[in-house]
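K.L.:
Below, each chain spelled out in residue letters.
2 protein chains.
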Amino acid sequence: MTTIPHATTLYGPVGEDLILVEDLIESTKRVELPLLNRMLDHALAAKGKRLRPALVLLSGTFGDYNLNRLVPLGACIELLHTASLIHDDVVDGSVSRRGRPTANAIFDNALTVLLGDYVFANAAEMVTRTGSLEVTRLFAMTLMKMTSGELDQDAAAWDIGKDIQNYLRRIGGKTAALFTTATEGGAVLAGCSEAEVDALRSYGYAIGMAFQIVDDILDYTGDEALMGKPLGSDLREGNVTLPALFHLERYPKDNPVNRYFRARRLREERLQEALAAIRESGVIESSLDMAKEYVRRAEDAVRILPDSDGKDTLMTIGRYVLDRDV
Amino acid sequence: MTTIPHATTLYGPVGEDLILVEDLIESTKRVELPLLNRMLDHALAAKGKRLRPALVLLSGTFGDYNLNRLVPLGACIELLHTASLIHDDVVDGSVSRRGRPTANAIFDNALTVLLGDYVFANAAEMVTRTGSLEVTRLFAMTLMKMTSGELDQDAAAWDIGKDIQNYLRRIGGKTAALFTTATEGGAVLAGCSEAEVDALRSYGYAIGMAFQIVDDILDYTGDEALMGKPLGSDLREGNVTLPALFHLERYPKDNPVNRYFRARRLREERLQEALAAIRESGVIESSLDMAKEYVRRAEDAVRILPDSDGKDTLMTIGRYVLDRDV
Numbered sequence: 001m002t003t004i005p006h007a008t009t010l011y012g013p014v015g016e017d018l019i020l021v022e023d024l025i026e027s028t029k030r031v032e033l034p035l036l037n038r039m040l041d042h043a044l045a046a047k048g049k050r051l052r053p054a055l056v057l058l059s060g061t062f063g064d065y066n067l068n069r070l071v072p073l074g075a076c077i078e079l080l081h082t083a084s085l086i087h088d089d090v091v092d093g094s095v096s097r098r099g100r101p102t103a104n105a106i107f108d109n110a111l112t113v114l115l116g117d118y119v120f121a122n123a124a125e126m127v128t129r130t131g132s133l134e135v136t137r138l139f140a141m142t143l144m145k146m147t148s149g150e151l152d153q154d155a156a157a158w159d160i161g162k163d164i165q166n167y168l169r170r171i172g173g174k175t176a177a178l179f180t181t182a183t184e185g186g187a188v189l190a191g192c193s194e195a196e197v198d199a200l201r202s203y204g205y206a207i208g209m210a211f212q213i214v215d216d217i218l219d220y221t222g223d224e225a226l227m228g229k230p231l232g233s234d235l236r237e238g239n240v241t242l243p244a245l246f247h248l249e250r251y252p253k254d255n256p257v258n259r260y261f262r263a264r265r266l267r268e269e270r271l272q273e274a275l276a277a278i279r280e281s282g283v284i285e286s287s288l289d290m291a292k293e294y295v296r297r298a299e300d301a302v303r304i305l306p307d308s309d310g311k312d313t314l315m316t317i318g319r320y321v322l323d324r325d326v
Numbered sequence: 327m328t329t330i331p332h333a334t335t336l337y338g339p340v341g342e343d344l345i346l347v348e349d350l351i352e353s354t355k356r357v358e359l360p361l362l363n364r365m366l367d368h369a370l371a372a373k374g375k376r377l378r379p380a381l382v383l384l385s386g387t388f389g390d391y392n393l394n395r396l397v398p399l400g401a402c403i404e405l406l407h408t409a410s411l412i413h414d415d416v417v418d419g420s421v422s423r424r425g426r427p428t429a430n431a432i433f434d435n436a437l438t439v440l441l442g443d444y445v446f447a448n449a450a451e452m453v454t455r456t457g458s459l460e461v462t463r464l465f466a467m468t469l470m471k472m473t474s475g476e477l478d479q480d481a482a483a484w485d486i487g488k489d490i491q492n493y494l495r496r497i498g499g500k501t502a503a504l505f506t507t508a509t510e511g512g513a514v515l516a517g518c519s520e521a522e523v524d525a526l527r528s529y530g531y532a533i534g535m536a537f538q539i540v541d542d543i544l545d546y547t548g549d550e551a552l553m554g555k556p557l558g559s560d561l562r563e564g565n566v567t568l569p570a571l572f573h574l575e576r577y578p579k580d581n582p583v584n585r586y587f588r589a590r591r592l593r594e595e596r597l598q599e600a601l602a603a604i605r606e607s608g609v610i611e612s613s614l615d616m617a618k619e620y621v622r623r624a625e626d627a628v629r630i631l632p633d634s635d636g637k638d639t640l641m642t643i644g645r646y647v648l649d650r651d652v
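Just so you know, the protein sequences line up as chains R and W, in that order. Oh and the first sequence: position 198 is 198 in the working numbering, straight run, nothing missing. Oh and the second sequence: position 230 is 556 in the working numbering, straight run, nothing missing.
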């Protein structure tokens with residue numbers, strides 16, 4: 001039987017229904033071509049937290065909770081997320097994720113590009129099963145935002161001249177767009193009122209922003225074993241996230257991040273110095289404060305919704321996003 | 327002003343309306359991110375034959391010729407085609423196409439993967455503008471078939487044990503699926519009868535098969551200057567297409583293709599021997615015969631449609647697909 005970590009504890013009223021999303025995702029593995037079959041098996045084996053599909057279903061609880069429409073959107077969002085990770089790992093040349101080798105580490109880059117395309121196609125097919133052209137359109141726009149966000153990040157790599165505004169725009173596209181589509185899409189499918197759709201859209205966006213900021217913090221402070229990838233990956237790849245941005249802002253003179261970026265030799269030593277400086281300087285706390293502020297905005301947004309198990313769960317998820325260690 | 331090669335001569339009644347498709351494709355270039363803007367400019371600068379959008383519009387002439395719905399599908403199909411070429415060039419490591427450097431040759435592979443994703447997203451957005459969930463679903467299924475076809479081809483590379491049946495399946499996915507969606511989608515949007523949709527679907531499939539077979543022949547016999555890429559690329563990349571398959575079938579003993587595939591040294595010499603053998607052995611004619619047979623099937627399929635300029639143009643396109651030299 002398929003199980004999902006914390007499904008019943010964290011995701012409250014929709015925890016058990018997530019199994020249906022899981023089954024639908026599993027069904028996409030059944031293909032004729034043996035090579036594709038093997039690749040899909042690998043790509044879909046790493047079960048994540050399923051936070052995004054949970055948000056789809058939870059948003060659906062505020063209207064007509066029709067699983068025939070909500071479950072395909074949940075599967076679509078998770079597949080879209082998976083496809084984008086597959087391509088990101090090719091783009092970044094990452095060889096491990098969640099403690100497992102990436103697809104590009106096992107197969108080659110070329111095949112992995114096509115695998116990602118196939119999973120994108122699957123996501124596109126899933127979203128049409130919702131029967132909603134409006135939500136299908138949302139899906140397409142989200143894919144655009146996610147890809148622009150990734151390109152924006154690549155363009156900003158090794159550039160310490162970008163500001164926090166630019167960072168927020170990048171993670172808005174790269175991460176928050178998909179969270180927004182999860183909650184907005186779920187609400188639209190459930191036929192929620194415009195005010196409810198707005199509330200859930202704002203919640204999804206703010207939670208997505210907090211989620212990514214915490215992700216970026218964990219790259220400095222996390223537990224390497226739990227994360228399943230080396231810490232400090234962002235700085236190593238020239239990706240200047242919120243903690244580094246705060247640090248550069250606060251210590252403009254002879255900054256260790258700056259020194260690392262300019263270093264032509266002893267790069268690993270300079271990297272470790274920069275990581276240590278960031279960890280010890282209080283900018284981690286400032287970054288966490290910003291994530292907390294986003295969670296507060298998320299909570300505020302959904303306050304207009306009627307009290308329910310679903311609403312309580314949205315609040316719980318806000319705290320979880322801040323407290324998670326992986 | 328935007329112009330399209332042979333638009334008015336080859337595409338008859340829809341030639342002028344193709345400008346609208348062109349304008350819609352152009353509109354996707356207007357993005358904020360300067361890097362993405364540059365990449366899109368490059369990727370969309372090479373105007374192809376626009377055969378696929380022409381087939382969308384032509385199919386639409388057999389019903390309610392509503393350009394508000396047909397033009398977005400035409401743009402969608404061309405963008406999908408472009409996105410798949412962008413990824414194929416990354417996958418194959420190709421550095422030139424149509425006489426111009428590929429995106430991956432100018433930008434890097436990583437950025438080019440994201441560029442392809444962005445163009446896919448644009449195609450997905452365009453198809454929702456048709457207002458038809460049925461056609462949007464067709465789009466998603468097509469993307470799946472195209473990607474499987476490409477993966478199938480990659481899996482079959484350097485393998486001379488595959489038969490013609492396998493080749494036809496591969497090009498069915500890789501190429502004919504998109505032609506099928508062009509004609510079927512156009513017919514569905516125009517509200518054609520089921521028999522008409524069937525006829526146009528069969529036409530699209532058969533024309534797509536003929537188109538790819540001729541493409542594979544041109545890789546042996548074409549004019550390098552016109553093609554804008556070196557001849558013999560398929561065999562060089564281990565891609566065994568119809569002419570090579572016929573040759574292997576007819577000359578099972580000490581076959582030059584076989585020798586080239588097994589060669590550990592003098593590979594370029596062995597490649598040239600294989601290319602010459604294929605060009606001189608009559609298998610090019612046999613391959614062309616198969617393409618002609620597909621065009622005959624395409625013509626047969628649309629015979630049931632009422633006589634019109636549109637129908638005449640479909641017949642003209644059949645001849646063009648066989649006679650084209652690029």
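Hints listed in this document are in silico derivations from the structure and should not be mistaken for laboratory results. Even for Gly, the Cβ is constructed at its ideal location relative to N, Cα and C. Hints should not be assumed to be uniformly reliable.
Cut-off 30 Å, straight-line C-alpha distance, at most; resulting in silico cross-link-like pairs (DSBU-like, lysine-lysine) [unchecked claim]: (1) Lys145/R - Lys579/W; (2) Lys47/R - Lys471/W; (3) Lys29/R - Lys49/R; (4) Lys579/W - Lys29/R; (5) Lys145/R - Lys49/R; (6) Lys145/R - Lys355/W; (7) Lys375/W - Lys471/W; (8) Lys618/W - Lys579/W; (9) Lys162/R - Lys29/R; (10) Lys373/W - Lys145/R; (11) Lys373/W - Lys29/R; (12) Lys162/R - Lys355/W; (13) Lys253/R - Lys49/R; (14) Lys355/W - Lys488/W.
Chain R residues, not near chain W, derived (Cβ > 12 Å throughout) [claimed, not checked]: (15) Glu32; (16) His87; (17) Arg129; (18) Ser132; (19) Arg137; (20) Lys145; (21) Asp152; (22) Leu168; (23) Asp223; (24) Lys229.
K.L.:
A separate judgement is required for each hint: does it hold in the structure or not?
P.N.:
Hint check results:
With a C-alpha separation of about 56 Å, the suggested pairing of Lys145/R with Lys579/W is violated against the 30 Å cut-off. For the given pair, Lys47/R sits about 26 Å from Lys471/W by alpha-carbon distance, which is consistent with the 30 Å threshold. At roughly 19 Å between alpha-carbon atoms, Lys29/R and Lys49/R fall within 30 Å of each other, so this suggested pair holds. With a C-alpha separation of about 41 Å, the suggested pairing of Lys579/W with Lys29/R is violated against the 30 Å cut-off.
Between Lys145/R and Lys49/R the alpha-carbon distance is near 22 Å, which keeps this suggested pair within the 30 Å criterion. As the CA atoms of Lys145/R and Lys355/W are separated by approximately 14 Å, the hinted pair is consistent with the 30 Å bound. Distance restraint check for Lys375/W and Lys471/W: the Cα-Cα separation of roughly 22 Å lies within the 30 Å cut-off, and the hinted pair is therefore satisfied. For the given pair, Lys618/W sits about 29 Å from Lys579/W by alpha-carbon distance, which is consistent with the 30 Å threshold.
Proposed proximity of Lys162/R and Lys29/R is contradicted: the alpha carbons are some 41 Å apart, above 30 Å. For the suggested pair Lys373/W and Lys145/R, the alpha carbons sit about 26 Å apart, so the restraint of at most 30 Å is met. Of the pairs offered as hints, the one joining Lys373/W and Lys29/R is violated, with about 37 Å between alpha carbons and a cut-off of 30 Å exceeded. As the CA atoms of Lys162/R and Lys355/W are separated by approximately 24 Å, the hinted pair is consistent with the 30 Å bound.
For the hint pairing Lys253/R with Lys49/R, the CA-to-CA distance comes to about 41 Å; that exceeds 30 Å, so the pair is violated. With a CA separation close to 41 Å, the supplied pair Lys355/W and Lys488/W exceeds the 30 Å bound. With a cut of 12 Å on Cβ distances, Glu32/R falls inside the contact zone with chain W, its closest approach being about 8 Å. For His87/R, the shortest C-beta to C-beta distance to chain W comes to about 6 Å, within the 12 Å cut-off, and the non-interface label is violated.
With a least CB separation of 8 Å from chain W, Arg129/R falls inside the 12 Å interface cut-off, contrary to its annotation. A beta-carbon of chain W comes within 12 Å of the beta-carbon of Ser132/R; the shortest separation is about 8 Å. A cut-off of 12 Å between C-beta atoms contradicts the statement that Arg137/R is not in contact with chain W; the least separation is 4 Å. A beta-carbon of chain W comes within 12 Å of the beta-carbon of Lys145/R; the shortest separation is about 9 Å.
Taking the minimum C-beta to C-beta distance to chain W, about 6 Å, the non-interface status of Asp152/R is violated against the 12 Å cut. Interface exclusion of Leu168/R from chain W stands, the closest Cβ pair being 15 Å apart, more than 12 Å. With a least beta-carbon separation of about 29 Å from chain W, Asp223/R lies farther than 12 Å from that chain, consistent with its non-interface assignment. The claim that Lys229/R is not at the interface with chain W holds, since no C-beta of that chain comes within 12 Å of its own (minimum 18 Å).
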